[in-house]
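Chemist: The lines below spell out each chain.
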Amino acid sequence: MHLGNIAVNNLKVRKIKVLFLILGIVLGITTVVTLTSITLAMQEQLEDNLNAVGQLAIITPVSDSLSLSYNGVSVASTTSYQSRTISEKIVEKLEDIAGQGVSVIAPKLVQPVEIDSQKMLVAGVNFDSELRLKPYWLVKGNLPNTKQVVLGLLAAERLGLAAGDTVDINGSRFVVSGILAETGTVEDKLIYMALPEAQRLFKRAGEITFIEVSIMPPGKEDVYREQAVIKQLEDEFPGVNVVPVKDQKQARRDIVDRFAKFSVLVSVVVLVIGGLIVLTTMMSSVKERTREIGIFRAIGFRQSHIIKVFLTEALIISIVGGVIGYFSGILLAKFASPFIAQLDVQIGWNPGLGLAAVLTSSFIGLIASAYPAYLAARLDPVEAFRSL
Amino acid sequence: MSLIEVKNCTKIYDSGGTAVEALKEVDLTIEEGEFVALIGPSGSGKSTLLTMLGALNPPTRGKVLIDGIDVYDLPAERRADFRSSYIGFVFQQFQLIPYLTAIENVMLPLAILRYSHAEQVKMAENVLEKVGLADKAKRLPNQLSGGEQERVAIARAIVNQPPIVFADEPTGSLDTKTGEEIMKLFHTLNQEGLTIVMVTHNEENLKYVKRTIVVRDGMIENSNFHGDVA
Ligand SMILES: Nc1ncnc2c1ncn2[C@@H]1O[C@H](COP(=O)(O)OP(=O)(O)OP(=O)(O)O)[C@@H](O)[C@H]1O
Ligand SMILES: [Mg+2]
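Chains as they are written, first to last, in numbering that gives the first Met the number 0: chain A, 0 to 387; chain B, 0 to 229.
Here chain A stands alone, though its shape is the one from the complex:
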């Protein structure tokens, strides 16, 4: 018989209270584990994607003051609503030198249009190259066929359209075949169709607004080499600008960071709620056990012994709650991640996270029980017997 036995025996008979306490802890820890493992998986997937992208650059015609822009590249002047273009022939030449630094070549024709009196940008693209260049692109629905478009997330929201709806562009009717999942970049605002379709629709056969290329293979980014490739391209094609895309990766990271921040916020809130559940349950438990505490004190238990009994109970409950919360959190993450973040990365068991979950729950349990335990220890035994 030692103080631990007292704690264990008490917990055994107070099943409802114990269940309630464990539930409070499990609630908090499950949420934290779910959000953390999803965030970790998102970060992993993001880094995989980013590493697969390499360094992108945009090849544009040298141009002047303009307003509508795409990845920092202006595509239409305010006055003319027409932009300069480069000839599609560059694409062929680029393909010839492909391999010497330049790998994926993604030409685009970007055209401002007005839909429901809203100014939008239509991009004619080559979906094959686009998807190779941007592995993070995720089209919910199908890639467009003839007379079909894919909408960026913000474009879809602004136009109030979903996959399967139709939209009139420049007098022609298109079916929305899919929606592009949020990228965090300007790409979210665009309407995408096949390049030849766009060239036909806008009567700009053979024209290209700009070309996105990968000038560095994934994982081999190197500023000096990058500058050399850019110079080589500008020498080869007079009249064009080659601009490395710098904010692409950051924009992608921002999305994950936003989710991470959201996760932290929600985690803190549910942990505080869990802690409050433990606090109030423990407080009422101290009240109920007034007499018992008086007996302990009369027998010669020190205040520190009383605190030990209460904190041992809290610790046992917290550890059990932490373990349960870890398992249910991972299971929930496995189940929920496809709905939350379209993850390809498999969410698995993570012992480090398990340890962190148990440490967190113990910490919360002990902190939340500290005050009730202190009150219990401070109880005047004489009062305890009087209140009978």
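It should be emphasised that the hints constitute simulated quantities derived from the structure, not laboratory data. Any given hint could be a false lead.
To be verified - Derived pair list, reagent style DSBU-like, types lysine-lysine, alpha-carbon separation capped at 30 Å:
1) K118/A to K202/A
2) K137/B to K16/A
3) K129/B to K206/B
4) K92/A to K248/A
5) K307/A to K121/B
6) K333/A to K139/A
7) K137/B to K307/A
8) K135/B to K183/B
9) K135/B to K14/A
10) K307/A to K16/A
11) K14/A to K137/B
12) K260/A to K139/A
13) K202/A to K188/A
14) K23/B to K209/B
15) K118/A to K146/A
16) K135/B to K176/B
17) K286/A to K16/A
18) K121/B to K11/A
19) K286/A to K137/B
20) K11/A to K286/A
21) K11/A to K137/B
22) K129/B to K209/B
23) K135/B to K11/A
24) K176/B to K206/B
25) K6/B to K206/B
26) K248/A to K230/A
27) K6/B to K62/B
Keeping the supplied structure of chain A fixed, place chain B with the ligands upon it in accordance with the hints.
Modeler: Same frame as chain A, now just chain B with the ligands:
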């Protein structure tokens, strides 16, 4: 030197803003081996005096010396240690921990001391035997009669072999016959050398004690020694 010396003790409670003088300048000495009954009307200060003697209830003024130790001069945790080694308490009712078995309740005072589990069990079995409950050691309190619960409480009070046991109306909730048995048990323990101070309302119990102290209005009105019955 007397075992217990109360020197000019006053106890004033704060009862919701109004001061209640529960004990007024009480002086009292109790010798080793005494069996003392505290009697008096309800609210006269018996329980206050008992818990004050038991190192649980500090006087507002005055001193309590036990075995020469000024108990309220000790810091709180040391006073708890003092109770652990010097004092056993027995109360009226509901004094067992409901989720611990009889023997576990008896082992409770040992849980904070340096005894092995085997030693604890042996000591607890010994005192359970002494109070006649060896066969009910594994029962929970709610599986015991009122008299049996009282016996477990007595066993718990003496398991660590303290020199003094304080009891507050130990027979108060028992029928006459069971009360008699409990008093006989106390009598036996006293014969074996235990000093006992007991609050009681029952005149019948007085035949077992060596001295009766009447408390009235927070003062000791009368203190009578009488012959041992046995
Ligand atoms: N903790 C307390 N706070 C305030 N007043 C108290 C407290 N304990 C006792 N009193 C008061 O002090 C006085 C003496 O109380 P005490 O319990 O010592 O009497 P008692 O003789 O044991 O009475 P009873 O026979 O009813 O048990 C009473 O007026 C009581 O109301
Ligand atoms: Mg009383």
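Chemist: If a hint holds in the structure, say so; if it does not, say that too.
Modeler: Comparing the hints with the structure gives:
{"no.": "1", "hint": "K118/A to K202/A", "in the structure": "19 Å, holds"}
{"no.": "2", "hint": "K137/B to K16/A", "in the structure": "25 Å, holds"}
{"no.": "3", "hint": "K129/B to K206/B", "in the structure": "22 Å, holds"}
{"no.": "4", "hint": "K92/A to K248/A", "in the structure": "28 Å, holds"}
{"no.": "5", "hint": "K307/A to K121/B", "in the structure": "25 Å, holds"}
{"no.": "6", "hint": "K333/A to K139/A", "in the structure": "20 Å, holds"}
{"no.": "7", "hint": "K137/B to K307/A", "in the structure": "25 Å, holds"}
{"no.": "8", "hint": "K135/B to K183/B", "in the structure": "20 Å, holds"}
{"no.": "9", "hint": "K135/B to K14/A", "in the structure": "25 Å, holds"}
{"no.": "10", "hint": "K307/A to K16/A", "in the structure": "19 Å, holds"}
{"no.": "11", "hint": "K14/A to K137/B", "in the structure": "21 Å, holds"}
{"no.": "12", "hint": "K260/A to K139/A", "in the structure": "25 Å, holds"}
{"no.": "13", "hint": "K202/A to K188/A", "in the structure": "23 Å, holds"}
{"no.": "14", "hint": "K23/B to K209/B", "in the structure": "25 Å, holds"}
{"no.": "15", "hint": "K118/A to K146/A", "in the structure": "20 Å, holds"}
{"no.": "16", "hint": "K135/B to K176/B", "in the structure": "20 Å, holds"}
{"no.": "17", "hint": "K286/A to K16/A", "in the structure": "13 Å, holds"}
{"no.": "18", "hint": "K121/B to K11/A", "in the structure": "25 Å, holds"}
{"no.": "19", "hint": "K286/A to K137/B", "in the structure": "28 Å, holds"}
{"no.": "20", "hint": "K11/A to K286/A", "in the structure": "19 Å, holds"}
{"no.": "21", "hint": "K11/A to K137/B", "in the structure": "16 Å, holds"}
{"no.": "22", "hint": "K129/B to K209/B", "in the structure": "22 Å, holds"}
{"no.": "23", "hint": "K135/B to K11/A", "in the structure": "21 Å, holds"}
{"no.": "24", "hint": "K176/B to K206/B", "in the structure": "15 Å, holds"}
{"no.": "25", "hint": "K6/B to K206/B", "in the structure": "28 Å, holds"}
{"no.": "26", "hint": "K248/A to K230/A", "in the structure": "23 Å, holds"}
{"no.": "27", "hint": "K6/B to K62/B", "in the structure": "5 Å, holds"}
Comparing the model with each numbered hint stated earlier shows that all of them hold.
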